[in-house]
Structure formats: structure tokens, C-alpha cells
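Protein chains in written order, with numbering that gives the first Met the number 0: chain A, 0 to 249; chain B, 0 to 249; chain C, 0 to 223; chain D, 0 to 223.
No lab work stands behind these hints: they were computed from the structure.
Heads up, none of these hints are tricks.
Derived lysine-lysine pairs resembling BS3-like cross-links, with alpha carbons at most 30 Å apart:
id	chain 1	residue 1	chain 2	residue 2
1	D	K125	B	K39
2	C	K122	C	K4
3	D	K122	B	K78
4	C	K122	C	K140
5	B	K78	D	K125
6	D	K185	D	K217
7	A	K47	C	K125
8	C	K122	A	K78
9	C	K125	A	K78
10	C	K122	C	K185
11	C	K125	A	K97
12	A	K78	A	K39
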Amino acid sequence: MTQNSKLRSSFADAVADIPDGSTIAFGGFAMPGTPFNLIKALMEQGAKRLTLIGNTTGGTQQPRMPDIGMLVENGQVAKVICAFTAATRPTEVLPFTKYYDSGEVDAELVPQGTLAERLRAAGAGIPAFYTPTAVGTELAEGRETRVINGREYLLEYALPVDYAFIRARTADTVGNLRFHRSQRNFGPIMATAARVTIAEIDDPIVAAGSIDPDDVHTSGIYVHRLVQVPPEPEGLWPTKRQARGQEIKQ
Amino acid sequence: MTQNSKLRSSFADAVADIPDGSTIAFGGFAMPGTPFNLIKALMEQGAKRLTLIGNTTGGTQQPRMPDIGMLVENGQVAKVICAFTAATRPTEVLPFTKYYDSGEVDAELVPQGTLAERLRAAGAGIPAFYTPTAVGTELAEGRETRVINGREYLLEYALPVDYAFIRARTADTVGNLRFHRSQRNFGPIMATAARVTIAEIDDPIVAAGSIDPDDVHTSGIYVHRLVQVPPEPEGLWPTKRQARGQEIKQ
Amino acid sequence: MSGTKGLNRQQMADRVAREFQDGWIVNLGVGIPTMCSNTDIGGTDITYHSENGVIGYGAVAAEGHEDLNLVNAGGQNVTLKPGAAVVHHADSFGVIRGGHIDATVMGAYQVSMTGDFANWKLKGQKGGGIGGAMDLAACAKRVFIILEHVTRDGSSRLVTACDLPVTARGVVTLVATHYGLFEPTKTGFHLREIAPGLTVDEIRAVTGGTLTVADGLKQIAVSG
Amino acid sequence: MSGTKGLNRQQMADRVAREFQDGWIVNLGVGIPTMCSNTDIGGTDITYHSENGVIGYGAVAAEGHEDLNLVNAGGQNVTLKPGAAVVHHADSFGVIRGGHIDATVMGAYQVSMTGDFANWKLKGQKGGGIGGAMDLAACAKRVFIILEHVTRDGSSRLVTACDLPVTARGVVTLVATHYGLFEPTKTGFHLREIAPGLTVDEIRAVTGGTLTVADGLKQIAVSG
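In isolation and in its complexed conformation, chain A is listed as follows (with noise of 0.2 Å):
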């Protein structure tokens, strides 16, 4: 297993490289899991006309951590396919939902769990399959579908992804990871689905062979890039303040 090369030194190293035009995949379910450095660097960094995925675009949560929604607002993104244009409570207006409407920029809306099997699907090298969910709504309009034993299926195609951003608790340096609780949620389905997939971790990178074999949660053979997340306030950590000072919606 290729050992050490995975390390980067900083989160602007490790998205460097990343074109205009690229797919990037976002880890998160409401704070755990989001690769918050990463978003950081990459408005940072500037790539235009990206293509985003993630579960939301962010909430109108205060104080705000980086998230899809200011990717947006820095001129930064064509497109995003989520499960959230709109936050649950209608009274709510997200930060995206303007530049969604105004038709600036482009949305997908994907049921959840759809959104996580084409991801998984993708990884696992399964073009299209066959779901119950959003039968005979206005999603299915115009698609194709197929009844099976009875009951109707809407087909569904992988979301293959050129960067998969993602945060894990703990990483070796063949870059096997393993997330601390629903830190997990998107995480290792991305990281399958990405060309290159890009971690930051929270804990101090350790030894190949340190983690279980029994225990590792992504294999490093799906992780191209370590960065290990500095204390703040250089690197940005979901803190109790900000994490009390939130509502978040799903």
C-alpha cells in the first residue's frame, strides 16, 4: 500500500489542482461530516463552473461555516444536485434558493436515499437501478420506469464524481479511514464514487497497520489525499458555540 505520498501539507495543496468545470461531492449530514477546511480552500482557490453534490446547499444557520450555498455566492458554481433546494420549514429561505430561482445557477433535486445509492452505484460500478421512491410524483414526470412484480420502479443512474470532499475522524497513512458516529453518512459512498477523493481528519494521522483491518470504515485504496485539520483558528472545527448557536434544518 502506497504510504506517506497521501499526506498534504495544507488544504490549498491538497485542492490545488482542481479544474473549472469539475464535479465535486461534499460529505456532511447537518455538521458532522463536513469537510469545512476544504470548502474553505477551494473559494479560495477559485475553480469556476462546478458542479456540486451534496445533501444540502447549507442553512440559514448563524454563525455560518463554509457550505455549498457560499460556494454559490463566490461565482464559483453551475450547478447542484441535492435533496434540498428549499429548507423543510417553508418559512425558511435558504442562501441558495435566490440564485436557484433567479436561474443563475442550476439545481437537481434528488431524493435523499437516491442520491446515495447513484453515489454508491457509481462506486460500485453499477450504471442504473431500479427505485419505489418518487414513483408518481412530480420527480418521475417524463422518466422512464418499469413494474416489477407488481409494483412500478423509476430508473435511477449513477453520479460518478471527480472529487469526493469528506471529513473522518481518524486516518492512516495508506489513508484508511474510520468516522466518529454520523460523522459517517456520505463519507465512504463518495469517496467510491470520486477519481480523487480528498479527507481531512480530525485526530493526528497515525501509523499504517494502527487501525484494525476489521475496523476500517473507507478503505485508503478510496482515498487520494490526507490533510490533517490544525487547532483553530486555523482550522475550522464544529465548536459547541457554533454548534449552539445553530438550528439545523435537514
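Dock chains B, C and D against chain A, hints included.
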């Protein structure tokens, strides 16, 4: 989470209610993960006209451990679904093969990855999917294919089962499982595909909460019956003698 | 009379939670449905699943004891019950889509008498907020809906046909409103239990389709 | 002259293993392909994957030090290299089918000049032994085949078209036999390197289609 009610005092008890005509999946790849004790109990229980699913029907090694082939010899099997109806080496003849050749038992030969994915699909609510595997081969003759992004894929259907028999290293009282090394193989996916999963467990069953939630390989929501494997000779273990005495060819 | 008469939010959640059976795996949506986990349902052992892959979460964490990497679907910092397990997002929706969720409880804008419901998009809105709702709606064994019986302008949310974009069709098992507990039938709603202080006629006046009433109609038991 | 002239089994495996590049993920089939892991290829860092979900296995375990729950695809008790990981079978074939395997090495009965090969079923056999071969063949980035150049009765296993049921079509990157190293082209086989003691004419006589020969044909380097 439902406590304790999942524990069974014997293998006989755990398989007592399995009716004739059931579809049963057996974990295991070579020796690791094979539920030897449950297979033995099923031979004694005597259910008939079974459809059995496993990677192989069992090899030619001696001394022989309980395998699908023995259930076939016992007259309990109508059909097997597996990745091998013959050995890899043409000179080797599996005990199962003569029953298949004579037409006494039917077989569906499935590429191993397709078998795994069909089981995973059944557990995950995907009724059908496309795969590049087996395109252009005899297995694809007369079957539906589809060109996606210029490549041809074969349509495959989910493979749900009534029962899964699996073997794991550790279980807690709510049925969360951990597997040791390559014992894992088909266990986790067969558990999701089954209406009822029965697991034989190497180590003493531990209290709920003893396994860190991040380290659970198969959630207890997929595991319905647990039997602790007793010491030899009552319980069947892959002893070193048995392991040495064989040449396993998958 | 929206929300002021009949059950309060917790009481609606309580009534739905009393449908849960021992051993069930349950997914609770954001908002009132989350309150189902507050209900004391005796020795009943329920496993709560959330979309982000937490199987077996417990109460909201006490202040100062939060694990910031552990949230439920609503983003609340929760605790874990003994025997909990964490899986990734594809496996988590495998639990849902694979039919392993015994019941999901969700909010909605509208429910139709044929069991359709709408909860992801308002009229005239571009896009919306789907999240895991369509997967849960299409795949859970039972779909329980909690919603206000009428809109702010007094029209019924229990309708003959949804005029908002639906989340799924023909899936709703049971509906709890401030006014009662209802089953969608093909021709209307069947009132199974009525909230204290309401009359059948009051309810009929604000319910789409035909309202049928259970023999020996019971009042919803309310605590607190 | 089957097997007696030219390379021995380990030498064929060695030649194929020398194609492996640093950082590759490689899956080795049962039999001769397994011997590729014995080859010393300098500082090259290869991750060996086996179908049963072991990513990063190492040498066969020493007698008395076997973990009976740890086997490779051939059922041998192997060891793990530092940084290894174990996944379940669906995830393991996700590695394969997802195109994450840089090279697979397999045995075969026949290889065609168009890159088809056959290794799962004999003529007239009912059923066969597929295992993971069809997944690997269809999905690995490179398919390396090691086989005897001729059958016991002297006919070529490098053929214009397979007459045995194929495992996959048009996928073979490179073929190693006792006699040399070949690339399937559309019209025949291209001899890239020749085994010591063989002549091009000898090989041409037992090779299907047109045999083309590399400029400045090199002899395969052999150790041991």
C-alpha cells in the same frame, strides 16, 4: 432494541420452524463464515424442496464439513443458486455435480459479484440493476441488456431470501454482529436480504452496548436468532486439523 | 380554530406513538414527529432510525454532554441507546428502501383520502425540500402523518386529492390532527378516535371527501 | 512440448508481475496467478485484493500461525500487510466492478486474438465454475492471462476465436505462456518477448491468427 428474545439455546431450536420450500442463503467463502452448525441442524430438521444460495455447494476436501452438497445428498434440495456448479479445476469433481448432471437438482449459476449484488439489492430495496458482468457470455443469452453511455450492461434482479444462515465472531444481545477477517464475506448482505437471519456465534454473546456503535458490522435490526457455538465436539469449528486436511478451491 | 382546539402538538405525537409495537424500527421526521420519542409507551422497545445512519438513537443530549458528531435527522445532538449501530448513508437508505422500517412519522401540508400526501414543495415554488421523505414514504411499512387539520385560511388539509406536488401516492396508514385520528379510505376519511372537545360535525365540516365514523367512537386519551 | 520447454510456472508469474506499477491494486486468480505475489518487484508497492473482501493481504501464513478466518480467494490462509482492510462481499465486488482493480491475473483454457478468453466451462459441461472471474474480466482495468500455450493434444490455446464459452469479450491486455509474452491484436497475437530456448517459428506454428513480432524482440529475463 429488543433484548434477549433473540437468543436460542440450540441450533435445532433455531431452525425448527423452517418450512418445506424455503429459500435459504448460507454465508461463507471457503471455511470462514460458513454456518457449519446450522447446516448440520437443518440436515437433522429435514425440511425439503429447499432453494439454497451460497458461493459454492462445497468442495472435495476431507474431512468434509457440513455444506450445501450434503443437504443435496440428504434429498432436501430442489435448487441451488451459486457461483460454482463445478470446481475451478476441471479434474476435480464436486459431490454436487452428479445431482445437477442427472437433473435431480436444478441450479442457477451466477457470477459471484452479481450474486453478492443481487443479495445486497434485495436487502436495500433495489428490485433490479444493471451490471457489465457476463455481457457477451452464455449467461447473457436471451436476456435483457441495455446500452448506457456506450457500454452494454445486463439486467439483474434482486434475490430476496426467507432465511439467512451466517456465522460471526461476536454478537450482543440485540443481535449486532462483528465478523473476524474474511469471515465477513456474504454474512452482512445475506442478513439484509433475509426475512429471518439466524447467526451462529463464535464467542460468548455480550450485553447490548458492549460493541461500540461505530464497530458494528451488521446491525441487530437484521438479525433475528442467535446461537452460541458450544465447544467441540458438540460445536463444529474449523479446527487446524480440518483446515490443513483440505485444499479449498473457490 | 387552527391549533387552538383539540390536541396540542405533544398530544398528537403521543397518540401516534401509542401505535408503535414492541420491537418496531421507527423513523421520525423533523418537527412534531420527533416528539413521538418523548411519549411513554410502557415497556415497548422501539429502535429509532435516522436517515444519516444512526440506528438506535435515544434522547436529546444534555447540555454540555453533546457529541457534536452525533445528530439525528433534525440535526439535534442526540444520545445512543445500548445496542446502537452506525452505518453510512447508502446503507441507511438500504434500511429504509429495503422495507425494514416498521413505521415512519412525518409532517405534511396535505393528505388525500386515497393515502397520497404532500410535504416537500409549496404551490408555485421552484424546487423544494425532499430530504429522505420520498424514500421513507415509498418504502416504510406504515406511514403516519401528523398535521394541522386546517390551513391558516381555514381550508382542510385532509382533501379528496392533493393539489400540491405529492411525496408519494397511496401510502398513508394513519393521520393524526389536532381534531382526531383518521384512516384514509378510498372515498374519504375514517374517524377512528376524536379529540376531547370536538364534535363529529365540526370535523366533518373541515374534512375532504366522506367522513365515516368508527362504531362506538372513542375519545383520544390525553395526558398532561 | 507442453510445459516442458520455455518458462516454468513461477517464471510466467514473474513476467506478468513485472508489469505491475507502484500503487496498483491487483487481484490474483487461483493457481499460477497466485505466484505473482512471490515475485520480487523491487520497491513496488502493490495492494492485493481478494474476492472475499480482503484488501491488502500478504504472504501465506507460516504453519502454526494461520488465522483460520483469514483466507485469500484460493482458500489459502494468508497474512495481512499493515494498512489492510476487510469489507463484505458486495463491497468487495464494488471494488472490482467499480473499476478500482488496476490489474487482474487469471488462468484460462483459451484466449482469442480479439481479447476474448474462456476459463469457466469445458466443452459439453453442464454448468461450470465462474466464481469472480466474470466480474474481474469485465471490470478490471487490465486483464492479464497466464496459460499453457498448447493443449495436451498440441493444439493452440491462443486462438482466432474461442470455441469454449467465454468469460468476457475483448478484455485481455496481455498473455503470458511458457513460450512468451503476447498482446492480442485484432488479427492475431503480437509477440512482445520470447522465452529462452524458443524460436519465433516454433511459436508461430502453435499460435492462432497472424503472429506479429516486436521490433528488436527481447528475451524474457528469467531468474532461478
